[in-house]
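Protein chains in written order, with this note's numbering: chain L, 1 to 253; chain F, 1001 to 1422.
Don't read these hints as lab results, they were simulated from the structure.
Don't be surprised by glycine CBs; every beta carbon is placed ideally from N, CA and C.
Heads up, none of these hints are tricks.
Residues on chain L that point at chain F, a partial pick, calculated with CB under 8 Å:
1. Leu137
2. Ala141
3. Val230
4. Leu235
Just so you have them, the derived chain L footprint on chain F, three or more residues with Cβ under 8 Å:
5. 1074–1087
6. 1231–1242
7. 1252–1264
8. 1270–1281
List of simulated lysine-lysine pairs, DSBU-like, C-alpha gap at most 35 Å:
9. F:Lys1229 / L:Lys251
10. L:Lys140 / F:Lys1304
11. F:Lys1015 / L:Lys251
12. L:Lys245 / F:Lys1010
13. F:Lys1010 / L:Lys251
14. F:Lys1229 / L:Lys245
15. L:Lys245 / F:Lys1015
16. L:Lys56 / L:Lys45
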Amino acid sequence: MRALKTAILSAALALGLASPALASEAVHIPTQNWSHSGAFGTIDKAAAQRGFQVYKEVCAACHSMRLVPFRTLAGIGFTEDELKALAATYEVQDGPNDAGEMFMRPGIPADRFPSPFPNDNAARAANNGALPPDLSLIAKARMGGEDYLYAFLTGFEEPPADVNLMPGMNYNKYFPGHQVGMPNILQDEGVQYADGTKATVQQQAKDVATFLTFVAEPSLDQRKQMGVKVILFLLVFAGLMYATKRQMWAKLH
Amino acid sequence: MAQAHASNFKNPVVKWIDSRLPIFTMMHHEYNEYPMPKNVNYLWAFGAIAGIMLVIMIATGLVLAMQYAANTTIAFDSVERIMRDVNYGWLLRYVHANGASFFFIAVYIHMFRGLYYGSYKAPRELLWIIGVVIFLLMMATAFMGYVLPWGQMSFWGATVITNLFSAFPLIGDPIVTWLWGGFSVDNPTLNRFFALHFLLPFVIFAVVILHTAALHVSGSNNPLGIDAKGPQDTVPFNPYVTIKDLFATVVFMIVFAVFVFFMPNYLGHPDNYIPANPLVTPAHIVPEWYFLPFYAILRAIPDKLGGVLAMFGAIAVLVILPWLDTSKVRSCKFRPIYRQFFWVLALDALVLGYAGSQPAEGTWLLIAQIGTAYYFFHFLILLPILGKLERPLPMPASISEPVLKGGGRIAAGAHAKPMEKA
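Start from the sequences and build out the full structure, keeping to the hints where you can.
Quick look at the structure:
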């Protein structure tokens, strides 16, 4: 009886914990060490800033990040002046002005990152029919999250002999179906990091995955810090409640 | 001459109101004096926990509704605006999204507690049926709530579930068009789902009041399943059960907080962070976890109409459960054979849930079919027959007898087991 119950409860636990993970495709995505994983983990701001550089110099040529305003980057250590200067390097459309015409002006921190293409069709036309997905939420919109992003960015390789690539497609170990429109874009020393970090492909992939995790969830650090406080409070509160309950019920017996 | 209610309250303002509208007397009677069997275990806290979850859902939902825009062109972005720009919007949304799951966790434990201790038996049949109505309303509310962020799973989940009604001959297609407000899931669908998602929680709240009113007529069941014989068997609800329920609630909130703050997207699906696209179908369309057992039953039947009927039938058997179970003994403690089958049913529900998360093919389809067969066998065949055949164990004469004397096997079990059944 007891054994059966234990078996059921442990099965419940195992099923409950395993089901979302198992729902993904059969390809195993290796997990990486992230400074932001775990209950006390926080975003590695230096890595996220390097990741932003990779985004700006590499990814942004094709990928939009339409939900993210420049000011979000304050969360990875950009000062107000740096944000203003950064935003001003972008041209954003505004208007209509008094003459009824749209015009371009330098960006301000409240503007969102301008998209590389005016619409999805233009993006497809320029990319051999493939639509580069928006990156604002990509770290939350893929099974495996930032581990998948890292695996994908480092997972390009020559196709196995039995795979017949369609024209314009590239082979990626971790992409569902393996054929992807995006080319292997990260190259060793493809960017020059300002802080002197050696820009290997793995380093860039890790940095940009950290950055994309941050933009998908700018409140990540705040959330975890609040969570620690909330749970500590609840533990103390539960202890007090239990003591009170015990004392109250002791009178009954 | 008209008579005022004879109020016992000392505070003159309270007394003045209470003599004219005895709401304070009513509350005092129902929530202070209300006698609870003194042997109830922590499983009895999940009714209160479910009620608190409902209040949390309404409170967070109200504030979210102030920021959300129910229009297909901006719904997704408005949710992201809540996440990024609204003060503590991420907290509100994560509490609300995970709150739905934890509301269902509380209600499922509450329901299985009712099944184990026979809380649905006379005179509590209507109380149980009202509970099933709440469960149905919760399912409708949760389903429509999941559509609102207008991600890929929102859109395709809505498409799959509303399409179920097209299985009915003749009236099916007109019903689907009527539900959609058009010829596909689109802006009118989102608009009406938002309106209904806002309305239904208040309907649930009203039905919960009925549920509690019906409960307070017969009084709460207890682990022994026998009626309280007098004051020696009960304790006043306040403070004894309030403090116990509150302690259980705080423990439940700790688990809830772990999900909200450290794994807020674990119970969701990544595809719902992709804006809805009617032209791209996700690889697997899966509902939220709390629907998975019913989803497995739906897909276990090869025929579409048959599957839909089986799925609704799975809930319908709960409505007639008080008459399917022919045993006069309430608690599984005294039903040695049924007790085993209760755990088989619990395992069956978990297996069905897991099968529901897998593609409906091969082994998992077969397992879902076996699980579905057992589910209906359990309620429709086993319960009526077992009630006639099973010989129940000897029952204690009263609640206070085993509790006070610490007497024998039964009471020892009552102390050792409570939490592990959760």
